[in-house]
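A.B. asks: Using the sequences and the hints given, assemble the complete structure.
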Amino acid sequence: MGQLIADGILTGAVLSLGAIGVTLTLGILRFANFSHSELVTWGGYFALTFIAFAGTSAETFGPLSFGWSFVGAIIIAGIATAGLALLVDALVFSRLRKRRAAEMTLVFASFGVALLLRHIIVLIFGPHAVYYTGTLQFAVEVLPGVRVMPDQILVLVLTLLFVLGLHLTLKFSRLGIAMRASAESPDLARVHGVDVRVVIRWTWAIGGGLAAAAGVFYGLTVQLRPEIGFALLLPLFTAALLGGSGSVYGAVIGGLIIGLSESLSVLIIPTGYKQAVPFLILLLILYLRPRGLFGDVAK
Amino acid sequence: MTTRTWALAATVAIAALATGTTGAQAQDCTIPLGAVFPLTGSNGPIGEPIAETGRWAVEQMNEAGGVQGCEVEYLLRDTQGQSAVGVDAARNLVDVQGVPALLGAISSGVSLPILTSVTAPSEVVQVSCCSSSPSFTELAESGESGGFFFRTLPTSRAQGVVLGNIASQNYDEVSVIYINTDYGVNLAQEFQEAYEAWGGTILESVAYNQEQASYRPEVNSALAAEPDALVLIAFPVDGSTILREWISFGGPQEFVLSNALRSDDVLEAVGAQFLDGALGVDNAQVSGPSVEAFNADYQAAFDADPNRPGIHINYDAAAVTLLAMAAAPEATGPAIRDHIRVVTNPEGEEVYPGVDGFSRALELIEAGEPIRYVGASGPISFDENGDVAGPVLIWTVTNGALAEDRVITVDEVNALFDELAQ
Chain A
1 MGQLIADGIL
11 TGAVLSLGAI
21 GVTLTLGILR
31 FANFSHSELV
41 TWGGYFALTF
51 IAFAGTSAET
61 FGPLSFGWSF
71 VGAIIIAGIA
81 TAGLALLVDA
91 LVFSRLRKRR
101 AAEMTLVFAS
111 FGVALLLRHI
121 IVLIFGPHAV
131 YYTGTLQFAV
141 EVLPGVRVMP
151 DQILVLVLTL
161 LFVLGLHLTL
171 KFSRLGIAMR
181 ASAESPDLAR
191 VHGVDVRVVI
201 RWTWAIGGGL
211 AAAAGVFYGL
221 TVQLRPEIGF
231 ALLLPLFTAA
241 LLGGSGSVYG
251 AVIGGLIIGL
261 SESLSVLIIP
271 TGYKQAVPFL
281 ILLLILYLRP
291 RGLFGDVAK
Chain B
300 MTTRTWALAA
310 TVAIAALATG
320 TTGAQAQDCT
330 IPLGAVFPLT
340 GSNGPIGEPI
350 AETGRWAVEQ
360 MNEAGGVQGC
370 EVEYLLRDTQ
380 GQSAVGVDAA
390 RNLVDVQGVP
400 ALLGAISSGV
410 SLPILTSVTA
420 PSEVVQVSCC
430 SSSPSFTELA
440 ESGESGGFFF
450 RTLPTSRAQG
460 VVLGNIASQN
470 YDEVSVIYIN
480 TDYGVNLAQE
490 FQEAYEAWGG
500 TILESVAYNQ
510 EQASYRPEVN
520 SALAAEPDAL
530 VLIAFPVDGS
540 TILREWISFG
550 GPQEFVLSNA
560 LRSDDVLEAV
570 GAQFLDGALG
580 VDNAQVSGPS
590 VEAFNADYQA
600 AFDADPNRPG
610 IHINYDAAAV
620 TLLAMAAAPE
630 ATGPAIRDHI
640 RVVTNPEGEE
650 VYPGVDGFSR
660 ALELIEAGEP
670 IRYVGASGPI
680 SFDENGDVAG
690 PVLIWTVTNG
700 ALAEDRVITV
710 DEVNALFDEL
720 AQ
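As you go down the protein sequences, you meet chains A and B in turn.
159 is the number that the working numbering gives to position 159 of the first sequence; each next residue is one higher, with no gaps.
455 is the number that the working numbering gives to position 156 of the second sequence; each next residue is one higher, with no gaps.
Distance windows between CB atoms, simulated: (1) B:P344 / A:L160: 54 to 64 angstroms; (2) A:G145 / B:P420: 57 to 67 angstroms; (3) B:E422 / A:P127: 41 to 51 angstroms; (4) A:M1 / B:G576: 27 to 37 angstroms; (5) B:A599 / A:T135: 48 to 58 angstroms.
Partial list, computed: chain B residues near chain A (C-beta under 10 angstroms): (6) I476; (7) V484; (8) A506; (9) P535; (10) I546.
Calculated from the structure, these hints are not laboratory results.
Ideal Cβ positions, reconstructed from N, Cα and C, are used throughout, including at glycine.
C.D. replies: Here is the structure:
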């Protein structure tokens, strides 16, 4: 039981990071960006590329499986993925926005972008699963009957830091306030002197950076392969919708609910059916609370 | 379209010929053998050579003397890889041409409706080279196919049984993690029956779905019962993740692995040092004089490499059907069905593919002697459901590399089946 809760929280943490980007685009850019999960894949592979060039550090941090080069890899992956998100926006989405394209046009364009991004990965890195390090890490018993890998604890701590950082930014910085204002009403925000283009750029950058973190953490604790983004697509959207579109905290809680419900469901149903559980919860929540757990009434 | 017109014209001509010569001397009579294969469509490129291999077997049989003194006429129809077209073609062959036996089709999705709506109700023998679905075994077990369906493609049962056998020799209690697909569910079930029959205990049996963020819940459920070893039925990518998580969480480094995991990718991803001593099963390459002779003959006849999908097994499908037609007292479905196992009798004298082999087989049949057809894919023996077993390779991981341990031959596999049946 304790082990299942630990597993659920750890899986949920990675989902939360990815879901934040989804929920931001839903709230501020107002469309369902199906290519977001491909940014997760790209983040993971950017880090892989950095490690391939920088080499794996011989010295690792205590019980962790990596050293300084990995820290560099996370930072580079975050920046590069944010750049990729901005590039995609400049090439595709901003042009569609300028032509005042309908929401569905943007959604379908994002499908195309997703396919393109995924297959570029296959083209460059090949279809095989890869790992950051060839060495295997052993789990340690942190509580009686609960084993986790040291890397996973670090992933959890970093996720909490990222979420906390984002929370503080949104709450107190000028940018954060501008972002929230744009989510509330873009026109009203513009009238009050908010440069919506800047807000949009930062939305992509933050979403992309957090997606990269999710990708790197996924690669660290599971493996990297070109389809991870595609496999995460449904869980990420489920998490974002569960939490309520536009709500950062909702996305975090949504991710954790998915991780925990999948993990704990094996207590009562065969493991083959566990993927269905988050969707049952989503159906139930949308039935009782159509705007999601933390969604605004206005939307 | 041209193929079809041509086939139609040919059929009309043959029909005219057949009626025109009724009552003439025995050598001029014909017995039809139907065949339905995808000749066009996406499966066309593999279906065409497979279909031509069947025609070649018929020509060889005719050269050897034919069936009951009659020429066998090979009536080939295109399924286009579609079930509706395949069923129409089969219905025409059975109802209009009156074929007592039918070869084909390739995909289970085409073979299955032909079996349930045409051949089984009309009591016509159907021998498929290439349809792998477990549904055929289920239909045979429930009696719905009436025993009219046979296939020469080895089923996964042999692997499941050998997997159970080697696991029971090494471990008393295991947990099983298997992929939640037709392949995994069947293999896991076959493994379980065999392993438990030989005295093993399965502590936990866990299905997993592909492409998930993590398999920790599955791994931990399997691990919680503290088994001696993990039996893993998976594909390399997910399998590697599961193995890594199993080892990370302190599971015993004792593994029994399915065929798809026999891959250097797995060794590399997991770390060969953790897998040392792991056992696994896979299909063994079939060899032997009958296989080599067939390969040489095929190369000479078609000027092409026989090592393409379905060539060997469809030749054997045709050969077994033709020999059963020769051994049966009359060219009817039930009679042919009852003689398929007569010409693959393990007690009989071995006969090989080719004109000489068929001539010898016909002589022995004439003399009332038992025969055992040992074909292009080695010895064949159909079980009660019309399925065949193939030889199984046992592999292991030694000194950081994959190694072949030994091969369980078809006869040994069948001996294991018999042991289980008791």
